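Following the hints, position chain B against chain A.
There are 2 protein chains.
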Amino acid sequence: MSMDTLRTEVDRSLGEFLDRQRPIVSGPDLAPLLNAARELLSGGKRLRPAFCYWGWRAAGGGDEPGIFVAAASLELLQASALVHDDVMDKSDLRRGMPSAHRRFQRLHEKSDWYGSAEQFGEGAAVLLGNLLLIWSGEMWRSSGLPNLEATQPFHDHMRTELMCGQYLDLLEQAHGENTFESALRVALYKSGKYSVEQPLRLGLTLAAGGGAPWIEELCVEYGNRVGIAFQLRDDILGVFGDPVETGKPAGDDLREGKRTMLIARTLAAATPEDAATVRRLLGDPDLDAEGVDKLRGVIEASGALDECEEMIARYLEESLASLDDAPITTEARSALADLAVAATSRKT
Amino acid sequence: MSMDTLRTEVDRSLGEFLDRQRPIVSGPDLAPLLNAARELLSGGKRLRPAFCYWGWRAAGGGDEPGIFVAAASLELLQASALVHDDVMDKSDLRRGMPSAHRRFQRLHEKSDWYGSAEQFGEGAAVLLGNLLLIWSGEMWRSSGLPNLEATQPFHDHMRTELMCGQYLDLLEQAHGENTFESALRVALYKSGKYSVEQPLRLGLTLAAGGGAPWIEELCVEYGNRVGIAFQLRDDILGVFGDPVETGKPAGDDLREGKRTMLIARTLAAATPEDAATVRRLLGDPDLDAEGVDKLRGVIEASGALDECEEMIARYLEESLASLDDAPITTEARSALADLAVAATSRKT
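Line order of the protein sequences matches chains A and B. Residue numbering for the first sequence is 0 to 347, as defined by numbering that gives the first Met the number 0. Residue numbering for the second sequence is 0 to 347, as defined by numbering that gives the first Met the number 0.
Don't read these hints as lab results, they were simulated from the structure. Note that this is a predicted model, so its numbers are computed, not measured. Using N, Cα and C, we set each Cβ at its ideal position, and we do this for glycine too. Wrong hints could be hidden among the right ones.
Claimed, not checked - Computed list of lysine to aspartate or glutamate pairs in EDC-like fashion (alpha-carbon distance at most 20 Å, straight line):
1. B:Lys247 x B:Glu309
2. B:Lys89 x A:Asp84
3. A:Lys293 x A:Glu255
4. A:Lys89 x A:Glu317
5. B:Lys44 x B:Asp3
6. A:Lys109 x B:Glu176
7. B:Lys247 x B:Glu38
8. A:Lys247 x A:Asp285
9. B:Lys89 x A:Asp88
10. A:Lys89 x B:Asp84
11. B:Lys346 x B:Asp285
12. A:Lys89 x B:Glu117
13. A:Lys247 x A:Asp3
14. B:Lys346 x B:Asp305
15. B:Lys247 x B:Asp84
16. A:Lys89 x B:Glu309
17. A:Lys247 x A:Asp287
18. B:Lys89 x A:Glu117
19. B:Lys346 x B:Asp3
20. A:Lys247 x A:Asp91
21. A:Lys346 x A:Asp241
22. B:Lys109 x A:Glu176
23. B:Lys89 x B:Asp285
24. B:Lys44 x B:Asp337
Stated by the list, open to error - Beta-carbon label-pair distances, calculated as ranges:
25. B:Thr7 x A:Ala267: 47 to 57 Å
26. B:Pro242 x A:Gly14: 44 to 54 Å
27. B:Glu299 x A:Asp91: 40 to 50 Å
Same shape as in the complex, but just chain A (with noise of 0.2 Å):
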C-alpha cells in the first residue's frame, strides 16, 4: 500500500468518527469545539499511523478496515498533544497557523464577549485537547479489531508515558543545564517512543497477539532508535528549520530555551566565551533574527550540529540494519525502511 492511500484511509477514517461525535457536539456552541478538531486532522504527516499499519502488515495483518481505524486513532493523540503543547508553551503558531488557543482568544475577540480572551482561548483549548485525548482512546476500541485486548496494556502504558515524557520535557527547561543522557532520555520519552516505537508494537501486537520475541526485538532496535533519531531531527528543524517548511517561526525552540540534545552538545563542546554566549541568549523570548543566528553559528562552529548529524545518521543506519534479520515480508521490510529514512530526514 502507498503512503498516499494509507493517507486517504487515515482521513476517511478520522472524518467518520469525527461524524460520530456530532450528535454530542452539537449545536452553534460546540461547533467551534469540532470544527477545530478537523482542522488540526486536517495535516501532518500521518507518520504515526504508518508505523502502527506496516507494524500490523509485517506480522501479517491484511488490508483490514479495522486496522486504519485502529492506526487513525494516533493522529487523535498527536493532535491532543500538540493542542496542550501550545498551550503550555504558550505558542502563537502551529504548521504556520495560529495555534487552538489563539483561535479560540481570537474567537471571544471578534464576539466582543465577556473576560479575558487570553483565558478563555486557553481553557477551550485544554478542553480541546482533552477531547482529542478521549476521542483517541475511544476510536483505538472503536477499530473492533480481534487482538484489542491483548494490545490494550501496550496502548495504555504509551498514553502515559507520552504524558510523563512530556513532563520530563518541561523540567529539563526547568533545570536549565542538561547532559547528554539527559537530552537522549527526553528525546525519547516526550516523542520517540509515542511516535515511533508505541506505533509500531501496537500494530505488531494487534496483528500477532501475544508478543513473539522478534516483535519485542524489532520495537528495540528499529523502532525505539528511528524514534530517538525522528526526535534528534526535530531539535534540529526548532533551530535550522526553514519558517516555510516547519510552520513555526524561525530558532523558535531557542526563544522557548529548549534544553536539547543540540544544545547539551554544544554547551560541551563550545569555546568558553561561545558557551558563554549562548547560556545568556537560549530561552530570550524577545530574542530577534539576529540573536537567532548569533546561536545558530555557535552550535554550527561547536561541531555539535555535525554530531547530531551523525548521531540520526548512526541510528538510522543501525534500525536499517535490523530490519534484516527481521522475519517479515519483502513489501514490510521494504515499506519500514522508507518510514525509517521520512521520519529522519523531514524537513516538516
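Here is chain B on its own, set in the frame of chain A:
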C-alpha cells in the same frame, strides 16, 4: 453497605491502581506527579462512586471487587476535571489547599529552577490532569466486570459530554447575561450529568447489561433531577458557602463572575439599581469582603436565593417520589434516597 465501608473500598481500589502506575511514573523526577495524584484523591465525598455503586446494586449487582474498581475510577475523572478547572480559572485553592498548578509552581520556586514558575506550574497541572483522565478510562476497564463492553458507549458519552459541558460553562461566563434556560443547561452538562445521572446509569448498565425501560426512567426521573439540584447547591455554596467548609475563599464564584442560575434569577428579579450593582461587581477579581457582602445582600433581597432553594427542594422531592415506582430493593431505594439528600444539602 454503609457509606464508610464504600469509602474504604474506593480508597483501597484507588491506592492499588496508582501503585500499578509506579513502574512507568518512576524515579525522583516523576514522583511529584504521582504524589499530587495521591493527595488529590485522598479527599472528596465519593458521591460519584456511590451513585455508580448503588446503581449497580439497584439493578441486582452484588458486592464483587470489580464494582469498587469501576466506581472508584470515577474519582479519577473528577480529579482530572478539578485540576484542569483550577488551571482554567487560575484558582489558588482547592479544598483549602493550594491547587495543583500552584503546587507545581511552588516546586519550581523552591527548587530555584529556570524560566517562569507560573508557566511550569500550569504545564505540569495540564499533564497531571491528562494522566488522571487517561487513568480514569484505564481503571474503569480494569474492573473486569462482564458487562463492560455494553457499558462502554455510555462511559465514552459521559466523558465527551463533560468536556462539552465545561466548554459551555466557559461560554456562559463569556456571554455575560444568561437565561434560566442556559443556566439550567450548563448546570446539567458541566456537572449534573457526570456527577449523578451518568455514574448511576453506568452502575445500572454494568449490572443489567442492556437497558430495561425502568433503568432509563430512573436515570432521568431521579438521576437527572438530583444532578441539577446538586449543581444548584454548588452554585449557592460558591456564593454563600463557609470558606472553612468549602476550602475556597468566600464568594469565590462572584469574583470569577460565574453566571449561574442564582445570578440569572437575581438579574431577572432585582430592582434596576440592584441589577446595576450586580453587573458592576460580578467578575471583579479584586472584589473584597464588603463587595461580597453587598452582592450577597442583593441576591437575597431579589428572592433569587429562596427561588434556588425552592428549585432544589422541588427537584429533590420529585426525584425521591420517582424512587417509589422503581423495581429495586428496599435497601437500594433507601440508599439512593439518602444519596439524593446528601448531594443536595451538602455544605462542601
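Violations among the numbered hints, reported as their numbers in ascending order: 1, 4, 11, 13 and 16
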